[in-house]
Amino acid sequence: MTDLPIDLDNVTIAVGNATMLDRVTLTIAAGAPTVLIGPNGAGKTTLLRAAMGLVAPMRGTVTWQGRAHVPPVRRAIVFQRPTMLRRTTSANIRYALRAARIARGGHDEAIERLLAMVGLSRAADRPARRLSAGEQQRLALARALAREPDVLFLDEPTASLDPASTKAIEDIIRAVSQRGIKVVLSTHDLGEARRLAGEIVLLHRGRIVETAAASGFFESPMTDEARRFVAGELLV
Amino acid sequence: MPDNASALQLVLSGDPALFSIVLLAMIVSLSAVLLAALIGVPLGALIALTSFRGRDGAIVLLNTLMGLPPVVIGLLVYLALSRSGPLGAWGLLFTPQAMVIAQTILVAPIIAALSRQTIEDLWLEYRDELTAMNVPWPGRVGTLIWDARFSLITALLAGFGRAAAEVGAVIIVGGNIEGHTRTMTTAIALETSKGDLPLAIGLGIVLMAIVLMVNALAWVVRRAAERVAG
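Top to bottom, those sequences are chains U and F. Per numbering that gives the first Met the number 0, the very first residue in the first sequence carries number 0; after that it's consecutive. Per numbering that gives the first Met the number 0, the very first residue in the second sequence carries number 0; after that it's consecutive.
What the hints contain is simulated information worked out from the structure, not anything from laboratory work. The model shown is predicted, which means the values in this text are computed figures rather than measured ones. Hints may contain errors.
What the hints assert, rightly or not - Examples of chain F residues lying across from chain U (beta carbon under 7 Å, computed):
#1 S19
#2 D120
#3 Y125
#4 A131
#5 V134
#6 P137
#7 G141
#8 I144
#9 D146
#10 E190
Every residue gets a Cβ at the ideal spot worked out from N, C-alpha and C, and that includes glycine.
Using the sequences provided together with the hints, build the complete structure.
Listed below in structure tokens is the structure:
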């Protein structure tokens, strides 16, 4: 059973005195990638974590296909700074396969396929922690995909990567999306949002400012914040 | 110098008395470290991964127990195992088993406290990933212990160092009986008081060499494993 659509209804999340999400209502449905944009501190990461089920709202509800409290079996996330387990590259993927209870008989084939997909076949036996930042990000993607998710959350997957690594990650994201996996990613890079998004969600100060199809958003933003953000002005 | 020369001669000649003492000391200390690890690592993991009322107090207590005086532990184990004690029926007093029990009690808090810190630090790093992967609690504990294994080796070495160097507890519960419960440290104390310095020095050389070898071996294993796993 799929976890889509994911509905956030009037969700508020605060840490101490800081409100990270303020009465956010959003539906994440199957289809082209949804890209969360906004300045640092806008609430993009918190929204991803809430939709993944890693953080519970203080007010409001999050449901997966209408059900609350659904364990993340059909969902996967790649954090902005993913943690590599102290194992080899291939062992990291094997761990994810085991955690997802994928039948052991298919592990070797799945590891080979996933490593090829993210371009890490030659690094299979290297310690994961010794990979470069770009390679670690690709391994984290492979590890997430090992779970065979319906929806894949990516938190600023290309932040601080060079153009070649960024292109490699974006190519994988397109391939994943074409396979029917719903991709929800956050970025503050407008270029990346233009290249990948089917739908744009602009966040500012914990609130959703605008939600629109990507083409409409970039050509004719509806709100003042969106116009300024698209024009390259700083939202503070 | 003559003492040093004859001590070395004793070591190199493979003196049977000396090596029976060395063998018993190693069996007792390694057994104690093994038992202490079986108790201390899971206990450390439990405290690291759970939150409960009084957790901070438990951590302070555990850290305090690391500094327990061996003679106090020896006395407590002696009282428990003595004929009139609650475990007197076991008949373990003045046996190597009693020495293992005393050293286990001495070493377990060290391994538990160091394991707790190591596993808690790694948990802070792994928490999001393991939660996102929906790894159940037993799997999380197993993963953390496995991935912290290089650091846990250091905790075990600290425990072994404490056990191997300890004299107060084993002399009380073991009795330092020749050929039965005499270990390196108790023999060194005895031979020094008797004035038999060659044997005392010989035992000291062997004790230091063994501790050095164990640490060197652990270091080599750790470096090799880190090269493979990162």
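For each hint, the structure was consulted:
1. Violation of the interface hint for S19(F) is found here, the shortest Cβ-Cβ separation to chain U being roughly 41 Å, above the 7 Å cut-off.
2. The interface hint given for D120(F) is violated, since its Cβ lies 12 Å from the closest Cβ of chain U, which is over the 7 Å cut-off.
3. With a cut of 7 Å, the hint placing Y125(F) at the interface with chain U holds, because the nearest CB-to-CB distance is about 6 Å.
4. The interface hint given for A131(F) is met, as the beta carbon of that residue sits about 5 Å from the closest beta carbon of chain U, less than 7 Å.
5. Interface restraint check: V134(F) against chain U, minimum CB-CB distance 5 Å, threshold 7 Å, status holds.
6. Contact between P137(F) and chain U, as hinted, is not supported at the beta carbon level, the nearest pair being about 12 Å apart and thus beyond 7 Å.
7. Taking 7 Å as the C-beta contact cut-off toward chain U, the hint placing G141(F) at the interface is violated, the least distance being around 11 Å.
8. The restraint placing I144(F) at the interface with chain U is violated, with a minimum CB-CB distance near 12 Å, outside the 7 Å limit.
9. Here the hint on D146(F) is kept, as its CB sits about 4 Å from the closest CB of chain U, short of 7 Å.
10. With its C-beta approaching chain U no nearer than about 46 Å, E190(F) sits outside the 7 Å limit, and its interface hint is violated.
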